[in-house]
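Asker: Based on the provided sequences and hints, a complete structural model is requested.
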Amino acid sequence: MGKKQQELVIISGKGGTGKTSIVASFAALAGKCVMADCDVDAADLHLVLDPQVIRSESFSGGKRASVITGRCTACGTCAEVCRFDAVSFDGPSNSRVEKTFRIDPVACEGCGVCSWFCEDDAIDFGPAVNGEWFVSETRHGPMVHARLGIAEENSGKLVSLVRKEAVNLAEERGIGLVVIDGSPGIGCPVIASITGADMVLVVTEPTVSGLHDLLRVADLTRHFATPAMVCINKWDLNPQVASEIEEQACKKGLRIAGKVRYDRAVTKAQISRLPVVEYQDNGCSGDIRSVWESVSSLMQST
Amino acid sequence: MRKIAIASGKGGTGKTTVATNLAAVASRGSIRVAYLDCDVEEPNGALFLRPQIEEKRPVNVSVPGVQEGMCTGCGLCREICQYGAVAVVNRNVLVFPELCHGCAGCWMVCQTGALVESKRTIGRLEMGRADKVHFVQGILNIGEAMSPPVIRQVKTSAMDADLLIIDSPPGTSCPVIESIRDADYVVLVTEPTPFGLNDLVLAVETVRMLALPFGVVINRSDTGDGQTLDYCRKQDIVILAEIPDDRRVAEAYSRGELACDAVQDYSAVFASLVKRLLKG
Numbered sequence: 001m002g003k004k005q006q007e008l009v010i011i012s013g014k015g016g017t018g019k020t021s022i023v024a025s026f027a028a029l030a031g032k033c034v035m036a037d038c039d040v041d042a043a044d045l046h047l048v049l050d051p052q053v054i055r056s057e058s059f060s061g062g063k064r065a066s067v068i069t070g071r072c073t074a075c076g077t078c079a080e081v082c083r084f085d086a087v088s089f090d091g092p093s094n095s096r097v098e099k100t101f102r103i104d105p106v107a108c109e110g111c112g113v114c115s116w117f118c119e120d121d122a123i124d125f126g127p128a129v130n131g132e133w134f135v136s137e138t139r140h141g142p143m144v145h146a147r148l149g150i151a152e153e154n155s156g157k158l159v160s161l162v163r164k165e166a167v168n169l170a171e172e173r174g175i176g177l178v179v180i181d182g183s184p185g186i187g188c189p190v191i192a193s194i195t196g197a198d199m200v201l202v203v204t205e206p207t208v209s210g211l212h213d214l215l216r217v218a219d220l221t222r223h224f225a226t227p228a229m230v231c232i233n234k235w236d237l238n239p240q241v242a243s244e245i246e247e248q249a250c251k252k253g254l255r256i257a258g259k260v261r262y263d264r265a266v267t268k269a270q271i272s273r274l275p276v277v278e279y280q281d282n283g284c285s286g287d288i289r290s291v292w293e294s295v296s297s298l299m300q301s302t
Numbered sequence: 303m304r305k306i307a308i309a310s311g312k313g314g315t316g317k318t319t320v321a322t323n324l325a326a327v328a329s330r331g332s333i334r335v336a337y338l339d340c341d342v343e344e345p346n347g348a349l350f351l352r353p354q355i356e357e358k359r360p361v362n363v364s365v366p367g368v369q370e371g372m373c374t375g376c377g378l379c380r381e382i383c384q385y386g387a388v389a390v391v392n393r394n395v396l397v398f399p400e401l402c403h404g405c406a407g408c409w410m411v412c413q414t415g416a417l418v419e420s421k422r423t424i425g426r427l428e429m430g431r432a433d434k435v436h437f438v439q440g441i442l443n444i445g446e447a448m449s450p451p452v453i454r455q456v457k458t459s460a461m462d463a464d465l466l467i468i469d470s471p472p473g474t475s476c477p478v479i480e481s482i483r484d485a486d487y488v489v490l491v492t493e494p495t496p497f498g499l500n501d502l503v504l505a506v507e508t509v510r511m512l513a514l515p516f517g518v519v520i521n522r523s524d525t526g527d528g529q530t531l532d533y534c535r536k537q538d539i540v541i542l543a544e545i546p547d548d549r550r551v552a553e554a555y556s557r558g559e560l561a562c563d564a565v566q567d568y569s570a571v572f573a574s575l576v577k578r579l580l581k582g
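Same order as they appear, the protein sequences are chains C and E.
Sequential numbering from 1 applies to the first sequence in the numbering used here.
Sequential numbering from 303 applies to the second sequence in the numbering used here.
No lab work stands behind these hints: they were computed from the structure.
Fair warning: this is a prediction, and the values are worked out from it, not measured in the lab.
Hints are supplied without guarantee of correctness; some may be wrong.
[Unchecked claim] Distance windows between CB atoms, simulated:
#	chain 1	residue 1	chain 2	residue 2	range
1	E	Gly-375	C	Asp-124	26 to 34 Å
2	C	Asp-124	E	Asp-527	45 to 53 Å
3	C	Ser-297	E	Asp-524	34 to 42 Å
4	C	Ser-95	E	Glu-544	31 to 39 Å
5	C	Arg-255	E	Arg-483	22 to 30 Å
6	E	Ile-333	C	Ser-297	51 to 59 Å
Every residue, glycine too, gets a C-beta built ideally from N, C-alpha and C.
Answerer: Here is the structure:
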């Protein structure tokens, strides 16, 4: 026995395979868990869990540079040292020069090199607000979620923060399980959501893209030594590719947690703002229930 | 050259389907077409366009390299680094390349030459042709966190073309910005569901912030509800196409076939979309 709280992360590689619908159903089936929506730049879990926000905080993951126009002497050092093409010579005039330098906040990587080398102390380098995070109550337990500001950086840091707060909350309330909704891809937010987690469930679909992306995610979970299982969603859309996925997953040492049939009720449930297992008992809901049972029994045995 | 980026907030709405079909259909006319797969974490365009890869190239980023025995322990490198990628212990400097953003601060402030610019490979580029389409894709190495440098490389490797199609990753954060920021026009692909709409709104905020002209393609338009259409009407957003759900298209997709080849009427859908996008 390690730590008391177990973390289950649902990711997919490819987007749109059904991660969030499955997480919402797991929340309903788990009885008691803390949910963490770590898909911070396109969070959707709140749409079906009706969270009541009880705490909200702003998030600063780094700093950002901006030119103090009045002090700029237009020497151009900032533009020379910037590696991110964030500095342009099109700022407003001041008492000394007709044009000043300007830093594009979207392109700025927050390295501060411009501010370090500016001899006129004309660059402000301070904390940037990159987003917000929330603690909410839902009918299935507490939830930690976030919203990364539009075009913001530091999604990995925000993911780590959401995860940490969710684990703390679980500890406070004596809840043993944290269910984490991850983001698509294999980059920084995904890495931040799976490192050190107890189990990853990869939700895939029976398409060549689903398979291709699953194999890259499988390499990622192995790279970070996180145990992983696979759920094949909408498996009956192409049973042939579905069995190919089972075969390839086995070769990668991944266990199949189960298959979920294609069911239009998933979209209808979403429109009714409900997890699909609460919307109907039959159809795909039965499949999701058995996936949940195999995931939770495997987690309890580890 | 006209640069069209295909993006979406939500994943799996049909970005790659739209991007690859547009490229294939456009290239059958008289214009030169290039397709750039900027979804470097999970590039899927090649599964549909099936290019002949003619050239592969590593993508390198700048990181500090340590010259042994030169460090005096002054600590300036650690002080300038915002990413925790440099540590100094006594007279030894340690670097953590996977945390480095390549800002060059540490080796610029180093007075003794203990840190110098060096290179690290984080992915690769593949270039070739798919029939008449000039094809470029970036592939991020497994375990690497930062995709924007790979995306930047993909974009600078594009050949001259009349129509450049950029297949963007999902979301609204830095990899998306890097992919779409210099496009002439952005096509946002969505589906008419609550998740699709929520993420479309975020994507619209993103392109508006970047001041890019854009329009929306509603995929699987006969599923879901009418909220997406209502939103687009209220916001005065151009709807470029509504593509109904079709089992034949979904099956073709699952096998890695282009919808325009598998289902006759889809060729016409994309041909009219190409015409509209070229007009500007």
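Asker: Run every hint past the structure and note whether it holds.
Answerer: Verification of the hints:
1. In this structure, Gly-375 of chain E and Asp-124 of chain C meet the distance hint of 26 to 34 Å, their C-beta atoms being roughly 30 Å apart.
2. The hint said 45 to 53 Å for the Cβ distance between Asp-124 of chain C and Asp-527 of chain E, and at roughly 46 Å that hint holds.
3. Look at Ser-297 of chain C against Asp-524 of chain E: about 40 Å separates their beta carbons, and that is inside 34 to 42 Å.
4. Checking the proposed 31 to 39 Å range against Ser-95 of chain C and Glu-544 of chain E shows it is violated: the Cβ atoms sit about 56 Å from each other.
5. Against the hinted window of 22 to 30 Å, the Cβ-Cβ separation of Arg-255 of chain C and Arg-483 of chain E comes to about 41 Å, which falls outside the hint.
6. Here the CB-CB span from Ile-333 of chain E to Ser-297 of chain C is close to 57 Å, well matched to the stated 51 to 59 Å.
Violated hints for the displayed structure, listed by number in ascending order: 4 and 5.
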